[in-house]
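Position chains W and F relative to chain E; hints supplied.
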Amino acid sequence: MELNSRIPSGPIERLWDETRFNMKLVNPANKRRHSLIVVGSGLAGASAAATLGELGYNVKCFCFQDSPRRAHSIAAQGGINAAKNYQNDGDSIYRLFYDTVKGGDFRAREANVYRLAQISVSIIDQCVAQGVPFAREYGGTLTNRSFGGAQVSRTFYARGQTGQQLLLGAYQALERQVQAGSVAMYPRTEMLDLIVIDGRARGIVTRNLVTGEIDTHLGDAVILGTGGYGNVFYLSTNAKGSNVTASWRAHKRGALFANPCFTQIHPTCIPVSGDYQSKLTLMSESLRNDGRIWVPKQKGDTRPPDRIPESERDYYLERRYPSFGNLVPRDVASRNAKYACDEGRGVGETGLGVYLDFADSIRRLGRKTIEERYGNLFDMYERITGEDPYAVPMRIYPAIHYTMGGLWVDYHLMSSIPGLFVIGEANFSDHGANRLGASALMQGLSDGYFIVPYTVGDYLASNKLEKISESQSEVGNAVALVEQMTQKLLAIDGKRTVDSFHRQLGKIVWDYCGMSRTAGGLRLAIEQIRELREEFWNNLRVPGSAADFNQSLEKAGRVADFFELAELMCVDALERNESCGGHFREEYQTAEGEAQRDDDNYSYVAAWEYRGYGSPEELVKELLEFQYVHPSQRSYK
Amino acid sequence: MRLKLKIWRQQSRSAAGKFVSYPMDDANPDMSMLECLDVLNERLIEAGEDPVAFEHDCREGICGSCGFMINGVAHGPLPATTVCQLTLRHFKEGQELVLEPWRARAFPLIKDLVVDRRSFDRIISSGGYVSVSTGSAPDGNAILVSKESADRAMDAAACIGCGACVAACPNASAALFTGAKIAHLGILPQGKPERDVRALRMVAQMNAEGFGGCTNIGECTGVCPKEIPLEVIAAMNRDYIRGSWRERDNLVTTIRPFTEWSTGSKLKVDRATE
Amino acid sequence: MATTVLGARDVRPARFWASTNGKKAVMAVTGAILFLFVIGHMLGNLQIFEGPEKLNDYGHFLHSVPEILWAVRSVLIVSVVLHIWASVQLAVRKTKARPVGYSHRDNIASSYASRTMYWSGPILLAFVIYHLLHLTAGVIQPGGEFVPADVYHNVVAGFQVWYVSAWYVFSMVLLAFHIRHGAWSMFQSVGFNHPRHTPILKKGALALAILIAAGYISVPVSVMLGVVK
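Just so you know, the sequences run in chain order E, W and F. Under this note's numbering, the first residue of the first sequence carries the number 2, and numbering increases by one thereafter. Under this note's numbering, the first residue of the second sequence carries the number 488, and numbering increases by one thereafter. Under this note's numbering, the first residue of the third sequence carries the number 12, and numbering increases by one thereafter.
In isolation and in its complexed conformation, chain E is listed as follows:
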């Protein structure tokens, strides 16, 4: 398969303008006749559905949650970047573009990232107008903070609930269109297959999660904003319901899946406390501004932290990275925590944790200042762990947080199946091998509010779409496939629960395709995944029936897809013989133990094509060219 990324040529700052000008427009009178399907109601999905509704299209929007407002975008804490330069500290569109390409370790498309930086400015305006209560200065202007090691203050925020407020803004815009009749909302409805007719995405098959009814919805284009696949690790900071099913089933229908091994680990999460653990809770990275990270120098030192004298503590980040210290980027901080624990120096009952100590800061700044800065986070930590972080050091451990990989899309955010658009975390486009803090919200809204509404219009206006009907064989086949799979899952009637398989799968992926990877480990993982998948299909027990509210059945379908994705992740990680961003292969590191990129051989997007169940997927490469930001080695020494 040939990939055409449809990136126009010309000076980068004019690309998006020219693309828009060259787009065909849909006659306003005809918009109503086009029905569009949006799957997912997070920042990307809700903003796209709302905007397309405003433009006059006939939109159907689907989410598996009970309300579109529950989408996991809601949990983003930190903020959203925009190149407004309100602080007059030297920020610009070009600088945001530069930082994002560099932060992504040179594995993102320059044209996409530049457009993202351009649009970032309008996103803030739009959200403010919707009534998002961003933090303000006393004078009434918007305030900013610097985030994730950026040297300019370009992050806009609403307390520690920026994601919530932006999502509610998009949700409200969506509900406005629901009331206006331009968007029909389908909550508790899960997409289980994509309907492809004559090579074009023309609809979806859904399951009503309350009644179990299988339905088909046909339209002129399908837009997926279904989020990332971090839950393949079982334990992640994602919501329990977050899943890859919509993306994966589209992949099986022909949409290429790009860079699945690019996953991001967040260094400051609350550690696992036991086998029953169902998810990991993230705490804002800002904690590293004032906390010092350490582990005991001695292996297996079980003394309580206050009994370990200063001389027997290893402040390993400060030791190894004297200039950045505790503020090294996410991947570096995470990896070093893993090494410390692998050496047997981890703390806490499970040995999977390192201390984040505020004692020095409290002594230096006073408890009150620390309380003002991190009060909420300290409260949350105490609520979950039962320990008072003012008195004893916090314990933290890295957790999977975001997935940069996703369905491959071109500059128009259209996948390799014409008519299937993919937006937000579900696509692979803008973050390369590593996402910078406060960029996820920016990308979701940029795709949903400002990109896909144009590109979908262009697609509709430039292609003659045949009339289709429910009676076509492609529709029937897709429904039959979904029903077969449902029946198959219910019929196994084995002994083990879905969660037990998912937990075991997650452990394999985390151990071998997590923070650091080796060729040997990945091969082993692929073997183990296949074995476990075999057992899954023979020994799974899903209680209940397909005809009612059945949470186990929902999970079973999702985990079945995670199995297939997990294997592809390992295959992708094995194929990429370099270390870059969130992908760290132990074989490829510098003498100092830092990631070593191989730009000569791996400066490409690895897009994978599905070749049928059990057959190896085929790699299609999209070569990356860097005309503006030239690849360089990151250094935080």
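Treat the hints with care, as some may be off.
What the hints assert, rightly or not - Ranges of calculated distance between the beta carbons of each label pair, as one might list FRET restraints:
# : chain 1 : residue 1 : chain 2 : residue 2 : range
1 : W       : 733       : F       : 68        : 46 to 52 Å
2 : F       : 218       : E       : 383       : 37 to 43 Å
3 : F       : 206       : W       : 631       : 20 to 26 Å
4 : E       : 549       : W       : 744       : 18 to 24 Å
Hints in this document: simulated from the structure, not taken from any laboratory. Note that the coordinates shown come from a computational prediction; the quantities given were computed from them, not determined experimentally. Think of the CB as a built atom: it goes at the ideal place given N, C-alpha and C, for glycine as much as any other residue.
Same frame as chain E, but now just chains W and F:
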């Protein structure tokens, strides 16, 4: 630790429900309430029984999916905490925990501890937004907003829509939820142009949904995981009275409440396969 | 989505009244009127301590211009009717709003008074009816013959009967509860709540509730103790 869970089991809205007791002899004090249910469900499935249905998603207290009554208190005994972040160490050894779903006519039961809260979406849909289409916004700093207003708006906007306020209210009123949105948008200059009509429409929808009337009791704010203050209900009352007085065009629409989930699909599970 | 459009023929006051918020606003205003009456009435009652002449003169003064008397009475009657009507409708709504009740529900944030408004209200109504029959119309004569112009006599004779006094004291305690919630809640219902002022209102409501109840109760207690004869 040992706990005894007494959980409301009900197969569907039309079925009869009852409490069923489940002993949990090896609960871990560090578990969250929901993880305790996870463990119970694993056991039920292995024993061939139907697991307890409960709503959950983010498990970090922000999505608003989870929530049920624990011993008569919405989200359980810990203030400002949803059940997903409520750890078992807050209960006593051997304690009996009675788990019951939110009960309100406007929250029809779906299964066990899961209820249908689409009435909340319809309240938002009826006017809980600023009518600004994508692209038409002025620069973010074009309209100044005092820090105090932004902070107050944020206090109200923190609502997660979990429904605990309705569940705890002796009247089953949705005043705190509706008031929070009316206050959030009414405080900000961006929301001012629609202030009157928003209050009129949202209140009309809230009433149409069959929630009870607010009698200023204050249980709602006591159980609210985000501690939304009672002040927002006063803001709603003020805007409603103001709007009723100033209204000219007399165009208040409400959305007809519906509780049906079935799409009337003609596609059956037994459809022939090719 | 199915929507109902209320047309221009829809009567606005009726719609206001139909909403729960409108009813509470009406209850707040009528409650305020009744609250003021309760204060005025209590101040009038306290004149009993200045002797029979003073009290009887006051009673006579109130009846001196029948037009004013009936105007005031009309306002009070309308207030009582609206106040009760709205509360009955809200109570009906309350039962409908939760068709299946909880096995058990704890209260963690509300005052006893706020939760018992639906109780204290009807009992107070019963008391008011009794009270009017006793001391205004003279239909019930528990303490001997009712003398229309001799308020002082009627009061003293009535309160010398222990159960009349007990019923009165009990009702006034309920009145205190009713006021303790109602006197601040009415501000909330018409849209006033401020983090600085509302706590003061709440404290003021409690203080006034105690003062009012004490003022009223002082009369039967004094009669029973023989201080007022």
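Going through the numbered hints above, which ones does this structure break? Give me the numbers in ascending order.
Checked against the structure, no hint fails, so every one of them is satisfied.
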